[in-house]
Amino acid sequence: AQRVTQPEKLLSVFKGAPVELKCNYSYSGSPELFWYVQYSRQRLQLLLRHISRESIKGFTADLNKGETSFHLKKPFAQEEDSAMYYCALSRVRETSGSRLTFGEGTQLTVNP
Amino acid sequence: DAMVIQNPRYQVTQFGKPVTLSCSQTLNHNVMYWYQQKSSQAPKLLFHYYDKDFNNEADTPDNFQSRRPNTSFCFLDIRSPGLGDAAMYLCATSRGGGYGYTFGSGTRLTVV
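Taken in order, these protein sequences are the chains called A and B.
Mapped onto my numbering, the consecutive letters of the first sequence carry residue numbers 1 to 112.
Mapped onto my numbering, the consecutive letters of the second sequence carry residue numbers 113 to 224.
With a straight-line cut-off of 27 Å between C-alpha atoms, the simulated BS3-like cross-links for lysine-lysine are:
#1 K150/B <-> K22/A
#2 K9/A <-> K156/B
#3 K22/A <-> K156/B
#4 K73/A <-> K156/B
#5 K22/A <-> K65/A
#6 K9/A <-> K150/B
#7 K73/A <-> K57/A
#8 K65/A <-> K156/B
These aren't lab readings, by the way, just hints derived from the structure by calculation.
Full structure from sequences and hints, please.
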């Protein structure tokens, strides 16, 4: 079974400070990992995918298979980063459509 | 803009009275998903369609059904809503495989 754990429900940092949102997963196969973000009163939207190796809005995430982690990082947090962040895992390339399993989310607050 | 649209945004139904939630997409994606999200919990997959193929999750109650009459539309039917079915219901689409999802804004269901 696949499982995603986000150990922190709430995370509060000051503007300009580094931020790291933790995500650990368990899955026996080769997973694909995602970060989704939900800003206040907006829909859930894709932030980044591990296979893209991209940086979006200054955020990066590296898949560490040894530690089964996919932590989300940003060196300098901004107030507009305040949102709910979900880590999600998908089984790779299922022909019947991938199934995303979500973590319980971390509410990030960036204080001025 | 191509998007995923859920109607209505808010739905109030009576205990035991059948209710239908709708989702439409203009992305022409193969896969459409329904997730249930209760307060402070992770979104939970109920079922999904890969084209016309219906894929139910093992722990989805029989009370929940779905229809996909064409590529663009997908419906969630709750045959006899209970108080425990009050939640946010999220529709999402995907091209399949390892691509990310595009979410609708959700329908918040209240059961009275």
